[in-house]
Amino acid sequence: MVDGYNGLLTATVFLPAVGALVLLLLVKGDRNIRGFAVLIGVVDLVLSLLVFGFFDRSADAARFQFIDQFTWIPDVGLNANFLLAVDGLSAPLVALTGLLGMCALLASWHVKLRVKEYFVWLLLLQTAVMGVFTSMDLLLFFLFWELELVPMFMLISVWGSGRKEYSAMRFLIFTILGSAFMLVGIVAVFVTADVGTFNMIELSTEATMLTSAGLLIPLSGLFWLFFAGFAIKLPTWPVHTWLPDAHTDAPTAASVMLAGVLLKMGGYGLLRINVGMFPSQTDRFAWALMALGVISVLYGAVITMRQTDLKRLIAYSSISHMGLVLVGIASVGISDGVLTVTGLSGAAMQLFTHGTVTGLLFLCVGLVYEKTHTRYIPDLGGLAGRMPVVAVAMLIAGLASLGLPGLSGFVSELLVFLGAYTAYDWPTVLAVLGIVLAAGYILWMMERTFFGERRDRFANLTDASLVEAAPLVLMVVTIVGIGVWPSLLTDVFESGLNPMVDVLNGVINK
Amino acid sequence: MLFQDVVFWILTVMAIGAALGVVLVKDLFRAALLLVVVFMAVSGFFVLLNAEFLAVVQVLIYVGAIAILLIFAVMLTKDVQHGNQPNRLQIPSVVFASLLLVSLITVAVDTKWDFLPAEQQERVELVQTNAVTTLTGEALTESGVISPEEQAEVQGAGLADLLIGDYVLPFEAVSLLLLAALIGALVLVRPNPGTGRG
Amino acid sequence: MSVHDFYVISPYLAMAGAGLLVILLDLVLPKKSLLPYFAFAALAGPFVLSLIQFYDISESTNLLQGSGVFSTDEPSVLLGALSVDRFALFFNFLIIGATALVVLSSTDYVKNLERFQGEYFGLILFSATGMMLLAAATELITIYISLELTTLPLAALAAFLLNRQSTEAGMKFLIIGAISSALMLYGMALVFGFTGSTQLAEISTSIGQATGDMPFGSYALFIGIILMVAGFGFKLSAAPFQMWVPDVYEGAPTPVVAFLSVASKAAAFAVLLRVFFTGFFDVALDWGILIAGLAAASMVIGNLVAISQSNIRRLFGYSTIAHAGYILVGVAAGVKSGEGIFRAPEFAAIGPDSVLFYLAAYAASNLTAFIAITAISTKINSDQISDYAGLVTRAPVLSIIFALSLLALVGVPPTGIFIAKLYIFTAAVDSGLTWLALLGVINSAVSAYYYIRIIRIMFTQPAVSEEKITVSPAPWLALGLAGAAMVFLGIAPGFVMEAAQSAVRALAV
Amino acid sequence: MVSQAVIWSIFLLPLASFVLIALVVRPLLNRYSMISGFITIGALGTALGFSIWTLRSVALHHDLTFEPVKWLSVGNATIDMGLLVDPLTAVMLVVVTGVSLLVQIYSLGYMQGDPSFSRYYAYMSLFTASMLGLVLASNIVQLYVFWELVGVSSYLLIGFWHERPAAAAAAKKAFIITRIGDVGFLIAILYLFGRADDFAAIGLNAFHIPDIWQAAQPQAALGAVLGGAALTWLALGIFAGAMGKSGQFPLHAWLPDAMEGPTPVSALIHAATMVAAGVFLVARFFPVFEHSADAMTVVALVGAFTAIFAASMGLVMNDIKRVMAYSTVSQLGYMIAALGLGLYAPAIFHLVTHAAFKALLFLGAGSVNHATGTFDMRYMGGLRRHMPITYILVVVAGLALVGIVPLAGFWSKDEILLGAWNGTGLVDTWVNRVTFSALLAGVIVTAFYTVRMIILTFHGDFRGGIEKELEEKAQAAPAGAAGHGGVHLHESPFVMVLPMALLGIAAVTLGYLANPQWDEQLGIPKHWITGFLADGLGAARGLGGHSETLDFSFGMAVVSTVAALSGIGLAIGIYLKRRDQRAEPLEKLGSVYTLLSNKYYIDTLYEDVAVRKWFFRVIAGTLDWIDRNLVDGTVDLIGWFFRNIGTAIGRFQTGQVQAYATGIAFGVLAIILALLLA
Amino acid sequence: MSFEAFLIVSAVLFCIGLYGALARRNVLAVLMSIELMFNAVNVSLVAMSKYLTPAALQDDISTVLTGQVFAVFIITVAAAEIALGLGIVFAMYRTNESVDLTEATLMRH
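Chains as they are written, first to last, in the numbering used here: chain D, -12 to 497; chain H, 148 to 345; chain P, 447 to 955; chain B, 29 to 706; chain S, 3 to 111.
Source of the hints: derived by calculation from the structure; they are not laboratory data. Since we're looking at a predicted model, the values are computed, not measured. One or more hints might be untrue.
[As the list claims (entries may be wrong)] Chain S residues, not near chain B, derived (Cβ > 12 Å throughout):
hint	residue
1	7
2	20
3	55
4	96
5	99
6	107
7	111
[To be verified] Result set (SDA-like, lysine to any residue): computed pairs, CA atoms no more than 20 Å apart in a straight line:
hint	chain 1	residue 1	chain 2	residue 2
8	H	259	P	650
9	H	259	S	59
10	H	259	S	4
11	B	98	D	202
12	B	554	B	83
13	B	554	B	544
14	D	15	P	839
15	H	259	P	658
16	B	98	D	44
17	H	173	S	102
18	B	98	D	207
19	H	259	S	100
20	P	782	D	202
21	D	103	P	839
22	D	358	D	447
23	D	99	P	839
24	H	259	P	655
25	D	99	P	908
26	H	259	B	281
27	P	782	D	471
28	H	259	P	651
29	D	103	P	907
30	D	103	P	906
31	P	478	H	215
32	B	616	B	604
33	B	641	D	293
34	P	557	P	907
In this text, a Cβ means the ideal position worked out from N, Cα and C, and glycines have one as well.
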């Protein structure tokens, strides 16, 4: 690896943290704090869009771009680098984080409690997530991975509602437990005799990849250690139970970030590390991923039906949708023939689209809750007449969530199904049933919440204000944009995933 | 050797009996006195083991200082009437102590100790018995240590030489330790306890 | 003793001298509040001397082997008793640093004492002398004396407040300490008897000849080493020798607890590494398993019991047990089972490396936490975690630093303990102790529960009082230094890591 | 020759109209919402013109293959967005744009004053655009995309008056049931992608519709990629989608409920166009279906069964729109059955004529509703005196539906019956017989309920309209119906009558003029539309030249007319002269009547038994319980265990120092033992 | 009067001391028991000194005194320990009015 320093990624990653510091030390007054935080959000969004926009997606471009590298811990004990870079897989996710971070900041406009602290945590969270998506050094990756916990924990436990402390603790313990397994995996990769590196780029290049020679832990063990960490984050059945609690009790912005980008870290990790570094094991255990994925999809969807709390409902639907990521990855398990990038690309797309869709859903629910002070579905109804903008946004998000063509959800689901079907036909068919269930719970939710007769007690509701509507519009534009012109994203994703597929094909046809 | 055996057995009975007394008798004052008996018996063992100097130190420090301190303490704490009550850990204590005893006896009996070769016995005995005396060349010659080098070696092997020689560091440290202990004890028996909390 | 010998032991002499000086100053100084600063300043002596020695020797040499500015051809009388090498000096710096911070953080605390402030600091410095010696000692008698020199002043300090809790703590510490030393002494006696020497180097030579088919090759070594482990285990606060820890932590003065949990523990690990790697390495495969077992037990017991604690110092007592467990993982990881028919143990330097690094990181983090606790509990007059509610409004910066230190103790990056844990688990996996590493990380996850509970209470619950908590400059300085070290070790661990490695090279057999 | 841009603009014009209304008119110019109507009508008018142009171009055999645009690349195939212009497309384009245009004009009157006027037109534009996109799609995924968009437009329009709970529920039901069918369609697509490598091997794209046709030809030079059982499953998967959209049994339950939408919506979507998309889909993939006798048999039987089954329910409905809805399902059954028997051209022909007369019927119903405020025929009656034009038009359309010479329905239905009787050899003879019998019986039933509907609505005495209904039901007026609340018996305004009249003309003439049976009429060749379509199909199979069409058969005409007349006679006999206008003579049928009026209890079966009880309560309930108690409970239990085991260990911490020393002793001995035993 | 006999006596004394240290309630009795243990160790050390071969006997005859030196240090430390111990006992007695260890359980669990 050539040392190099571009600086763009460093700026993108650390700008929110620096902003948080400045906010903490210099900015006074709630108005200024809000304004400053949003300003940081806008600038970071622009930076992240620059990363996405200037990412060279041509066929002969370098796989990893915008490399920022210097030695962090010298080659004395741990040999870790500060290494930021993006490839086609991470560039869109960086943009997603910028977008959702911005929306989360805007959605926090009405926070009244401990305003400064709130925005500091939110900005730190953004740095952490950005860091996860851009770190190409396992140690740095893990560092950002863990860094994300605290802001999230604080956001839920201070600004949340309901059993917020219980939920925050649950979120924390689950995630920390997951990362504990991952840490062992990272360590085991590092200590392997002829590796001695945390460099993810090297570890996912075929020539320098881990092989079964000289391993302390069998490759399958490593695979599952990493998987455990990512599966909890994703979350997949049966380690999903932290998610509904955390979502239900988190403040709007935290829910947006949690569903929008934090879960994506799990999927990203699966693609980047499990698929990228352990192709042979991914191939070997694809059936298990498929099984877990299908169970998550159906189980999550069925349970979603029963939910009466709007946020809980969306949370369970997230479980179902993130199951599709596993299904997409399971496309690796084709028994013969040539693996195509379709399924993996679908999984990556699902990360992005679910991020925007669920982010939007949570934004809408946040507005509903802010204005009606309830999320209990039987208490709601007939809101569409009172708050049409929110209703339309929610409907678009809902339709995208159930995979309506023309909106972003469809593309990812289609790719996932197409990819997975070539590997596992009947299980894929089962997963496809999930879209019927999705239609069921989304539309039923819409019916009970927004449609139906107007209620007198909602007579004084106001629709979203300009500030409130801005993030909604931003997200709707993204959702429709991706739905209409998905190649914008898939091309980038594929440029990142194709090298993995090449390696996988070597493994499969061995 | 018969005489020494007899002494050994007498001392053994004394030591063990008195030790049992220390831990079993109810009257703490008597326990303290029995402790003195143990100290004396141990001192006797030292004599049997060629460590006359140590025997003297034992008597001086243990009997002369430690036992006296303990007896004072027993009297000052006025807990004599409560005495030497056992606590509720009788059974585990007995079990653990006996198990440990079994282990230690196994160690004593079953270890392949590297015993001193017979030809060295005499020289070693000479060094050990006279650890604190300055031996004249004459006495050494009588004991069979003839060559000047050997004589010099034995003469340089006194306990005192060792304490300011090879063991000077622990020796200095132990003096610091005594100082620290004394300061500590002094502070702890001060009349006005600080009001600060933990 | 030659000039060179005095040069060799000069840091220890300086430390002890500093102690004496402070006690004497106490008698003449009119303004007692300056005493901590004098004590702090006096630490410059041992520090500078250690620094000189550090640059005077190179890696894997020993100041007694004729190197250094005052080198002579004459063999030193200290040879065999002491090894002033980078390993010892690493601990010198660690202990001096910890002592300095403890001294600084005590300034508010000792104002409660009307008299004997000098003795308070004097005892701390005496104990520190013992700890430094412990790290350098290579001979059983010296080890024993140093150990007692460490322990006895601490017992006096634990009882220093003379209230019920404090005296009880002191008494418990003394009695358990005495019983452990007795056990350890018996162990040392057996080892000495079997090997015919108290010098680790010679013990190491003799031990190779033990060829019995019981563990450690001989009953004497078997029981002897285990009894020594019991003695060290007391100092390490490793399970099952840990039960005194929470009580003493609860009762003793807070700065003393900080000192106990950081410096004393570091010294204990130093001597453990020294004895086991230099002296007992030939039977390392046997004690490797033993240490691994202790590590597992310590981690599990420490973390599980900590969960249900309501007193913060008690909680830290259990936490320190857990951390002893993590560090023991590193010790166990220092031994690799070799290849070939005889499967002789191989030295895996990364294990002790990680132990040293962990100790440094733990010292920084734990001291940060304890300085904060000292500052807080002095003011709110309570150790109940529930009384920490809403602290963030009463002392925002202090709360944030305290929270950071708690996160550091969980092992959240970017703090020193994260790198340290990573390092230790790396070592464990490298030595084939993956199960232990896995247990360790799961335990880390469990520990998050109780550490973060404190943060939650501080940050999310309403304050019981509006009164602000003020802290005087010296503890602030201490807090700042410790906190900075804690974060620095996480962000740029390379420097200390290299120091640790060079220290361990001195240890290498 | 028509250019690519023109064809694209047929689709893009309504889309642009949607975007314009949604983003400009609705948010900024809502006060002038009439603009929306004019925008839509303008766009559709142009689109209709372009469609006719396209039809002409196709009829003149211009080469209309265009290079598609790549939308998404997936593995070995690309998903393109392209144009597939063949006779089927051309005919459908005209039908869709034509009916849509008329309905939009009609809506100007019908929807006047509705607060969501712009929203209505936005949705309608979106629907039309989607439908046109579906018709034009050259790629199966593209087709699926618009297929779903059509579905969502339908959802939006059914639930247009979303403040009416019934409307919201019906919208949801429609979407979900059609989606169940779509799963089949999607799986078919997945299957095709699964074979993408095989397609690619012979230079085909697995998603490109003409390529799929080609791959399914067993005799094709390239060799059959698809074949055997796989082809049957593929066809059945596609057919599942068609069943959902076209309301074929057992996925028909949503269509009658969909009548909760505004009536013009029902006319356009749930009668003329969208529901016909299922027929279109089967027709589109006819070159695939025809190679699987099993699939064809299924299609034919499902269609035939639906035809008679739905018609039977139409017999007893009181809601005029529901009668028509069941009629629609039934007629779609005819088309599907025809396709199943291999009668490609007659099926589409029937689709075309049906679009005209059924749209007219619905618009008539809307007109009636405009006057009476209700859709319940029990509160109508005698309207022919007040609204003669509507009456006449509805009678014409009704008779066209029944199939009376020379109205449009006669010609197309007769083709189907004749073809069913003759057979095409694609399915076994017994299938032909069964289908024919069912369809013929269907004619009688159709005639009966049509006439019943006309009599109940227009004859006899007026029974009070919405006012009476509300009085009897004593319930609040449905919010959305408020605009049409009052009873004011008079003819509808011109904007409503005009489209109806135009459709009426079509309903009369279209059948014969589009497909002159004996010789060229008005420049239109003999058997023009069936021949045109059949040629298109031949081209799709890869064959050139002209294809066979069915010649008119007097025998069949007589048989069908007799059947129709018998149904009409029966209805007149029973209803026209009945004594009590409020009575329902069919109630005398007893349990049969109950069964029919409860729709064979199928809704109950679906909603109460399958969904509420089994799915929601049993399956979802169980899983929910498991999640809360087993999965979550396990987590809590582990947490509880760890908290309490800590406390338990803490119990050893008795505070007595010697207990701690004992702990040390115990530790030492335990280590000794452990090492000895190890 | 063999080496083993001394070791056994030492072991017995040690274990009696251990028993006393574990099972007595009075803190002074515990301190006495601990002294017993130290004495027992001393007996072993001195016996080893007499009977066993020091590793460096050939080089340095004075190594035969190592055990005795060790014992000297132990005796000294024991004295220091008792001094400090009694200091703590007095402090405890002043605050608790008791030297009973079973009563010194303010901090537990």
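Hints and how they fare:
1. 7: Given that every Cβ of chain B is farther than 12 Å from that of residue 7/S, nearest at about 23 Å, it holds.
2. 20: 7 Å, violated
3. 55: 27 Å, holds
4. 96: Fine: 18 Å to the nearest Cβ keeps residue 96/S off the interface.
5. 99: 18 Å, holds
6. 107: 3 Å, violated
7. 111: 5 Å, violated
8. 259/H / 650/P: 17 Å, holds
9. 259/H / 59/S: Status holds; Cα separation ~18 Å.
10. 259/H / 4/S: 14 Å, holds
11. 98/B / 202/D: Status violated; Cα separation ~46 Å.
12. 554/B / 83/B: With a Cα-Cα distance of about 17 Å, the restraint between residue 554/B and residue 83/B holds, given a limit of 20 Å.
13. 554/B / 544/B: Between residue 554/B and residue 544/B the Cα gap is close to 5 Å, so the pair holds against 20 Å.
14. 15/D / 839/P: 17 Å, holds
15. 259/H / 658/P: Answer holds: residue 259/H to residue 658/P is near 9 Å, not above 20 Å.
16. 98/B / 44/D: 17 Å, holds
17. 173/H / 102/S: Holds: residue 173/H and residue 102/S sit about 14 Å apart, inside 20 Å.
18. 98/B / 207/D: At roughly 40 Å apart (the allowed maximum being 20 Å), residue 207/D and residue 98/B break the hint.
19. 259/H / 100/S: 48 Å, violated
20. 782/P / 202/D: Holds, because 15 Å separates the two Cα atoms, which is no more than 20 Å.
21. 103/D / 839/P: This hinted pair holds, its Cα atoms lying about 13 Å apart.
22. 358/D / 447/D: 9 Å, holds
23. 99/D / 839/P: Holds, at roughly 16 Å.
24. 259/H / 655/P: 11 Å, holds
25. 99/D / 908/P: Distance of about 16 Å is within 20 Å: holds.
26. 259/H / 281/B: At roughly 95 Å apart (the allowed maximum being 20 Å), residue 281/B and residue 259/H break the hint.
27. 782/P / 471/D: Status violated; Cα separation ~59 Å.
28. 259/H / 651/P: At roughly 17 Å apart (the allowed maximum being 20 Å), residue 651/P and residue 259/H satisfy the hint.
29. 103/D / 907/P: Given pair residue 103/D, residue 907/P holds - Cα atoms ~18 Å apart, limit 20 Å.
30. 103/D / 906/P: With Cα atoms ~15 Å apart, residue 103/D and residue 906/P stay inside 20 Å; holds.
31. 478/P / 215/H: 37 Å, violated
32. 616/B / 604/B: Between residue 616/B and residue 604/B the Cα gap is close to 17 Å, so the pair holds against 20 Å.
33. 641/B / 293/D: Status holds; Cα separation ~13 Å.
34. 557/P / 907/P: At roughly 31 Å apart (the allowed maximum being 20 Å), residue 907/P and residue 557/P break the hint.
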